Amino acid sequence: MAATFPYTHYACPCSNLTTPAPTSISAKRASLIPVDAPEDSTFNPHDPRANYSLSPLDRLLFCDECEEIRCQRCYGEEIIHCPTCLFEVPSSGVRSDGNRRSSSGEEVEETYILQCHYCDWSSLDIGVHFSKPTKITEQLAKQRKSRVSSRSPAAGAQPLSHDETFANLATFYKEQLSESGDPQNPYSNSPYSSPNNLARIMSLYGGLSVNALKKTREKPQPMREARGAKEGMLMCSFEDKAANDALLQSMQTLDWANTTTTGQRLSAPANNDARLVDALWPVATRLRTRKCRRCRFCPQYLSYPDPKLKVGNLRYKIRVLALNHIPRLSIRSLQTSCPLPNPAFCLHAADLQQRQPDIQPHITRQYILTIRNPILEPIRITLATPTTTPGRVASRVTILCPSFTVGPAGDVWDEALSSSTTSMATIAPGNGGRQAAMESLTGRGADESLDRQPEAGKVWERTKNSTSVVLEIVPGALKSLPGIVPKSETELEEEELEEGDDVLEVPIYVRAEWEVSEEHDDAGDRKGGKRIVEADGNVKKELAFWCVLGVGRIGEGG
Amino acid sequence: MSRPQAVTRRSAKSEYIETDTGNKISRRARIEGKQNIMLAGKSVVMAGAILRGDLHRKSDRPAEGGEKGGPITAINIGRASVISTDCTIRPPMRMSRGQMTFYPMRIGDNVFIGTGTHVSALSISSHVHVGANCVLSPFCVVKESCKILPDTVVPPHMVIPPGSVVAGRPARVIGEVGEGWGQGGGGEGEEYVEGGDLRALVRSIK
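Sequences listed follow chains B and R, in order.
FYI, the numbering for the first sequence is 1 to 558, going by the UniProt record's numbering.
FYI, the numbering for the second sequence is 1 to 206, going by the UniProt record's numbering.
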């Protein structure tokens, strides 16, 4: 959920909210009530599950083959090449520092320490120093091992360390798997497909030795869990009272900041038992990987970064972004003449404090919805939205012109050439003498553009590759008016506003239709000729999705 | 935002000095050592910004005749970068062998630096969006296409890997930027997109 209004989130067709399960599956599941086609069922943006299907435009990819939007859960990731390292520094804020030379000057003993520049912690606090600045992880591991082993004989019967326990457990499970596990594997290569067949044939011909036969006849034991420390079970005992008491004592004397958080404890197996901050062991930073994304349904690559690691910029071999393939919606209020400054681009400190004003309920407001078309063909757009927004607060939404066309996006040159002409339309009048003179010549004054009334059925504004229409929204009230009959407990509970209920979000179903000439229809070619070719050699294409427009927050004052 | 007043030809001095290469430098920006600062073109330095170009590495070879090697650049800023109001850009310095040495700072293209931030980073690569009131401590390195949320403090010597979203004090990598980061903005009438082409934003700053 974006913190700044207005925003647009697009729904990926992967979830049940947007697309019903295919009928073959829904027929099998008795519990699944067949849902109507998406046009009939409304997408409720306040549904708690809706958050998982909505994404802003920069997180969406598009699959050419399926011709569908793909969200982050729909593109499986593959790690294609070696992790990239953080170039020099092993972990953020901590670096290897310092040579310490002996004061005599004869022997130069160089030691290195880890030091954090933010909080001034250094590895001297735990008594760790290094002999050379490279291979720090190795040196750390060696020191850790020696420290643990020197501690354990002193304390007597110590439980095994984490690493040993893990190793024991891993071998135990492997044994279990082989003992109880699949009889299929040994027989897969033989011409006798089932174990019964093989056993029968072998018994006919005299078969194997006694041991082997016994083994095959034994019922495989079900897999069991580890039973002792040798097999990898870690027992926690309450007998070690002294250590626990000492720990509790120190937790009482030291303050909250000195106890470890769950995040710190989970950072490494070495730290799993550390309860106090001074028992933590330094952990090396994870290496990062470059992921390539593939569509989950068809194995088409959607994003494939260049494997060359040392390339300065993140270059991509393939990158299919949703914003280059789907019509993009954006909304702004009709009253403000120019688009509101994007809060991310706050240029002045005073603008930072500015909170966007709340929307007053019950007052009709008009918004301009702009659809931008990124593809090279003109598209026909049909918009649909429920009359009242679903969710706790019902606002009435009317689209004045639900069906219109948007022109094609030109090449980069077309855009550059035409930007000089179209920007004239958006410059506020009165800027310079020449502008005003031009307008007086053409008869379009400043007043006229402000007085334009939005009309039903007419497009508000049309530029080369975008069209704007007007939306009328009457926000609902957060609290219903007090009635004569006092409300019961349950009704009062129902009226409790949950977080996010006061956000005015409008779900819109967008359908785009366009035609592609046959030779340009690459995706259709790959699918194999199931498309319907019109008489004039064009292929009809259609794309439809749900989209949620975040308009603003509804204030009190109904 | 209030509507800009009508500006007549014979107005008082405008807020920004425009150079030949399209850079806009505010008259209220405090710039020291301007011969050591390179602005690549179409960049904006807004009012109240402090650029310390006077803190540069002293040349070790004083008597070389005419071979000084050209001006020493203390701060290098790329194309279409925006430095908002009240920022401080100061090259990082280190004390070594009893002497203070400054290192040249490199800021890439399409970098947006929010208002009130202190930048002492060693380098900031291209398409980075830095929020308001941040602190980038000396010798930190910000790789390309990163987003630094407002009010973060990046500790010294931290290397921020490309494509990460960073926040907090001390700064931690909390996520990655989306696939389409930086794409799709800057067209006519469109909003500016973080990490995208900032030329439209530069043009709109008056």
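Quick caveat, the hints were computed from the structure, so don't treat them as lab data.
This one's a predicted model, so the numbers in the text were calculated from it and none came from an experiment.
Treat the hints loosely; a few may be bogus.
What the hints assert, rightly or not - The list that follows gives simulated cross-link-like pairs (lysine-lysine, DSBU-like), each with its CA atoms no further than 35 Å apart:
1) B:174 to B:132
2) B:317 to B:142
3) R:206 to B:464
4) R:13 to R:206
5) B:132 to R:58
6) B:291 to B:174
Cross-check of the supplied hints:
no.	hint	verdict
1	B:174 to B:132	violated, 39 Å
2	B:317 to B:142	violated, 42 Å
3	R:206 to B:464	holds, 27 Å
4	R:13 to R:206	holds, 12 Å
5	B:132 to R:58	holds, 32 Å
6	B:291 to B:174	holds, 31 Å
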